[in-house]
Structures are given as structure tokens and as C-alpha cells.
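Just so you know, the protein sequences line up as chains A and B, in that order.
Quick note, this note's numbering runs 868 ahead of the 1-based positions in the first sequence.
Quick note, this note's numbering runs 2 ahead of the 1-based positions in the second sequence.
Just so you know, the hints here were simulated from the structure itself, not pulled from any lab data.
Glycine is no exception: its CB is placed at the ideal position from the N, C-alpha and C atoms.
Do not take every clue at face value.
Stretches of chain B that chain A covers, calculated by requiring three or more beta carbons in the stretch to come under 8 Å of a beta carbon on chain A [what the hints assert, rightly or not]: (1) 166-172; (2) 188-202; (3) 205-215; (4) 262-270.
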Amino acid sequence: MADVEMKPAEEKTKDDKKEEDKKDGKKEEDKKEDTKPPPSPVADIKSNIALIERAVSTFEPRFTHRVLRTLTSLRKRIDDKVLRDAIEELYPKDGPVKTSLLSWLPTAPAVDPSMDVDPAPTPSKAPVTEPVPEGEIYIRLLILHHLYKSPETYKKSIELAHETVDKMQALNRRSMDPIAAKVWYALERSYELGGELADARPRFLAAQRTASLRHDDDTQASLINRLLRSYVNYSLYDQADKLVSKTTFPSSAGSPQFARYHYYIGRIKAVQLNYTAAHTNLQQAIRRAPPPKTAPGFYQAVHKFFVIVELLMGDIPDRGTFRHPVLEKALTAYFDIVKAVRTGSLSQFQTTLNKHAAQFESDKTYTLIVRLRQNVIKTGIRRLSLSYSRISLRDICLKLHLDSEEDAEYIVGKAIRDGVIEGRIVHEKGWMECGSQKGGYGPEVSDVFSRRIGYCLELHNESVKAMRYPLNAHRKELAAAEGARERERELAKEIQEGDLDDDEGMGGDF
Amino acid sequence: MAPQQLAALYNDLQRAFDARPSNLQRCGSLLAQLKIGLIEAGLLIPTGEPKLGDLVVARDILEIGAFWSIRTKDVPSFDRYFSQLQSYYTDYRSLLIFPHPSILPPSKREFPIRGLNLIRLLTQNRIADFHTTLESLPLPADGINDNPYIRHPVNLERWLMEGSYSKVWNAREEAPAEEYKFFVDSLMGTIRNEIASCEETAYESLPLKDAATLLFFTTQSDLLTFAKHRGWQVNLMAGTITFARKSEESMEIPKQKLIAANLAYARELEQIV
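Just chain A, with the same shape it has in the complex:
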């Protein structure tokens, strides 16, 4: 493993050093930040392009994935100048690709002097060949990320995204897939920021079909999520559900895509009252999500739904969830709701709901929370059934703030039928008798147990599958093994010979 993994790293540091040296000499005065120990963004871009080329030449998408992993951190450090410099350095000759790339960036007069200095050292290096098309798309991706950072350039980023997508589809290279997936994300983001997300939907649908025909898993995963997001955003849960049932999410997709996918499915299932499915999906989303500190927004959004779904299932979420540093503030309103549901008090529930209505609505959880009303009642009844062995309907009515005894009778009847409580109503006497709780052992226990074991086993198998071995590294081991076997054979021979001697010696003794 060390063998293969080290090389690019070395190369990277070499490149970085070269870059840094050049940078140091070139513009010490005009940019101090760049001379700090971490490699400058331009150097990063260059080394990334090198990695992408490596990926293309060795058919190893792994390198490309590594490049894309740095995208988030790189995104924050790029600006017009960095991008321009990177393009200038990667495309020394004036070609159509360079001009088209540069046309997306504003020309700044301040750059010219440094540009004049630049060409001098570059030709002295080995004649730079133009990067592979994947590299070009990567640079376009960076420009896209840069363009939608400010509202003035939203329009431009949509245009660029369209052009890039057309280009990708025309090139149709499998080695481009991982980058293409990210470009689709950028296209969606541009649309979302700049205009109507719905306008991009036909494009996504068409591209999704193509991607699934070409078994382009990365793009397909990305596009399915794009589509789901656009449907869910416009509350088109029917269409979203149909999309989910008609497509299969590629199992080779990366964790972040899976996390998103599970999150959207969780939301769809929650709307359709399929809370168990929603719960498992949201839980998967949480497990697959990047660490809370790096992606707090997603973590919070998932937890908001997770808490509500858990409540709708009749469970009370873990108290620890609300103490989590990332979640504590975002979930305050939800914590109040949980408290109201836990105590089974309808009036408290109603006041909390009214108090935080605006927040719930912007989180799109309002309608789900309204459904909790019946759960509040159920929790109340369950508490009563646990604490009393017999209670009159009138008292139930008073304790739960119900409107009438008649209502109370129906509600309790329904609770018994739904299996919320064990018991029966004695109509003549007007009370409810509570039966004993079921014992905790039965076939369902083994079901839960086997589900957990199944999960653990799957985790183990997945992690075995995810291990990477360097190419040809086993040869060395084989050689070593061969040598060991040789030695063993010799040893065996010696022993055999020695044995004979020994035997003789022994024989002599007797």
C-alpha cells in the first residue's frame, strides 16, 4: 500500500515546493498569504490536475475522488486571481480552451505585470502539454463554484454550467464521471441561487436517463439526489416517490450522496406516514453524514426530521441529542415540543406549536408536527394506563383536557385497538380497566436482535470490501514466501538428515 500511495504524495510535495519557490520569487510583495506554509491554491489546483491526469492514464478513479475531496476546502480559497493564474500556468499556449476558460473570469488589469513575468520560467520547465479534458472540466467546476459565490454572477454560472454540461456530454468519457457528478451539483446550485430550480428539472431527467444507460454510477447518484431535492423543495412528494420507486440508487455511490438520498427518502416516507421507513432512512442519513463539525447544516436538518419522526412513532428522542454542541441551539424549538409530548399535555403542545410556528414552517416540519397532536393524546393515555389499574372515563377526560366523555370513550377504544395500551372499557360502569403490560420476550425480540446482527455483519463485510490493496504488492510477499519455503525445505532436509544421524546415534545407544 505504501508503495503506491506515497508516490503521488511525494509528487505533490515536489510540485508544491516548486510552486512555492516560484511564487516566493514572483510575488512576495503582492500576496503574503500565499507564501504561508500550506500550499497556495494555485499550487493545489495544479497538483490536483496532475492527479486527475494520473487517474485518467491509470484508469484509477480513486485519484479523482481524492482531488474532489479537497474541493470544499479549496473552494473557500479561490478567487478571480487564483483561477486566472492557474489557467495561465496550466495552458501556457493560447488555445481555444484557454480563451474560453478565461472568458468566464473578469479581466483585471492588475494581473498583467505578473503575467509578463510568468511566461519566462514556465518554458524553461519541460514543455507543458495541455491537460486532459478532465482537467479542463475540473477548472470549469472551480470557476462555477467561484461564480455562484456572489449574487451578481449567478446568471453567468448558469450559463457556464450549461456549457460545461454540454461539453461533458459531447466528450462522453468514463474517466470524467466523478467530476461530472460534481458539475451537476454545481448546475443545480446555480439554478437554485439564480433562478427557478424547477427549470432545471427536464435537464436532470434527461441526463439521469443517459447516466443510467451508461452505468455512470457517480453521475446517476448525484442526479437522483438533484431530482429528489427539486421535487421535495416544491413539495411534490408524489413525483419524488415515483422517482424513487422507478430508479435504483447505485450502491457504489459515495457516502455523502447516500446520506442525501436517505435524507430525502426519509422525508418522503415521513409525509406518507410510513414512519418506520422514515426512521431507518433518517438514521442511515445520520450515520453516513460527514462529521457534525464539518457539515453542521445537514446534521441539523436531518436531526430535526429525525426527532419529529421518532416522536410520531411514539418514542421519545434521546436527551443527549439536544445537548450536542452542534444541535443544541438549532433544536431548541424541537426540544420544547418533545417536552410537551412527553408530558402528554395538549395545552402545552398547542402553545409551543404557536410559539415556534414560523421556525417549523421554514424547516418544513410544521405539518408533521401538527400530526403529533394525536401522539400527545396517546402518550397521555399510556401514562394513565401505566399509573392506574382502573380509571373512570370522566377522569381521563379531565386529565387530558378532552372535550367530552363521549370523545374519551372513542379515543380510549381506538388506543386499545391500535395497541397503544392494554386494557378494556367497561361501558356500564364508565371506566377503563388497564391490563398488565406484555412481557418483553417474544418473537419480536429475536427480530430486533437479528436486525442488529445483520447490520453489524453488513458493516463488517462492507469495510472488508472497502479495503484497498496496492497493485503488485503481493509479488514481494510471494517472493518472500518463496524464500521462506526454500529455507523450510532446506531445514526439512537437514532435519531429515539429522534425524538419520540421530536415529543411528540412538540405534547405537541401544
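Keeping the supplied structure of chain A fixed, place chain B upon it in accordance with the hints.
Chain B only, in chain A's frame:
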């Protein structure tokens, strides 16, 4: 069909529909002709770039069709009209129509029809669909309470879910539009069945009189036919209904399943070690 002819038919339809009481038979035949006309004009499912006025007329016709289906008690037909209307309500709501950019004005019949659709889903016990439809309403969440047409089905659903069946029963006369009453009967059927299944598990026996009140029956004979239908044992002498207990669920050990699971674990463990 010439556009003038279409317009004349449309006027006829409006007159026939607005008449009190409306001429249902005439409406039906007019609607059939108009639909053919709409298809010929490419408006039944709008394609291309139709004119704003045409869209309004087409929507009007479909809306009348939806109401007409309810009045003639034809639910599948209502379903069809509603799905055709949906593209008018959602897709054309904010679309800029060429060449005169303007927005299709919302119809005053839109929410009554959407509300009817919600009730229809409720009576068919399609609760999941009910909620999906509710989510996709173009209303802010607190706007639901301000809109009488939507509030009605939403309240009904809430009461049904809670088990406050008497509230549902009492609300049957508070329908915000004439057409809502059509669904009341089937809704009552739904809640009766709900109540009955609750009673089967919650009670051991019930006096006949109380059972009748609980199930909202006014006459005993209605109750008896219902009880027979559900297979309840009625003791006329004592005047009670005894509910057949479902046999205590015997704790059967799922041997097959357990063996299979254990074998699977063994296999997996072998792979790991």
C-alpha cells in the same frame, strides 16, 4: 369543431350548470362534446403555447365537470377531472404564457375542488395520499386554518386519527359547499367500521342501546343488520352484544426462522474467522 361552436357550447354548459337546480343530464352531454372540442383545440392537456383566455375557459369547463361528477355521484369521473385540472392548478400557476407574459388568475373554484379531493381520499381511507396532497397545497401551513374548504377535511382527518368520532359525526352538517355532503354518507360508513373494530377489541360486551348510540344508529334494525354483517353475537333476550374474542395469540416459536438465522450467522462467522 370551430371555435365559435365551442364557445356556444361553453355558454350552454354554464347556463345549464348555473340553473337551480342544475340540469345534470344536459351538463353531461355538453361536457362530453366539449371535451372532444378541447382535445381538438389541444387544450384538454395543454400543449404548446396556448392563449391565456383559452386556458381559463378550459379550466372552467373541467371545473364544472368535476362538480358535475360529484353531483351525479360519479367518483372515478371526479378523479379524472381532478387530475386534468392539476396541471392548471400547479404548472400554469406561475408560468409565463407567451406572447403576453401574465399569470393564470387563480380560480375561485380551486380550493373547493381541492378540498373535495381531500375528502375523497379520506373516505377511501388513503391517508398517506391525503397527507401528500395536503403537503403540496400552495398554501402556507397556517393558511390551512383560514381556508374553510381545506380546513374542513383537515379537521375531519385529525378527529378521525384521534378517535373523536363524535366530532366527525357532528361536523357532517357543517360542510362548506353543497358537494361536500355527497361524501358524508361514505364517510359515515368509514367511521362506523372504525368504531366497530375499536369496539371489538375494547369491549367484552355492550348493551344494545349503547352500541346503537356509539355507532350513531337510530333504529335497532339498522344495528342488527350491521352486527350480523360484522359477525357479532347478539343476545336479544339480555339486550347485549358480545364480541367474539380473537383467540389469545398463542406464542408460537418461529422455529424455521430461528434456524435459518442461526445458520446464516454461523456462515458469516466462518467467513470472518
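Going down the list of hints, with the structure as the test:
no.	hint	in the structure
1	166-172	holds (count 4)
2	188-202	holds (count 6)
3	205-215	holds (count 5)
4	262-270	holds (count 3)
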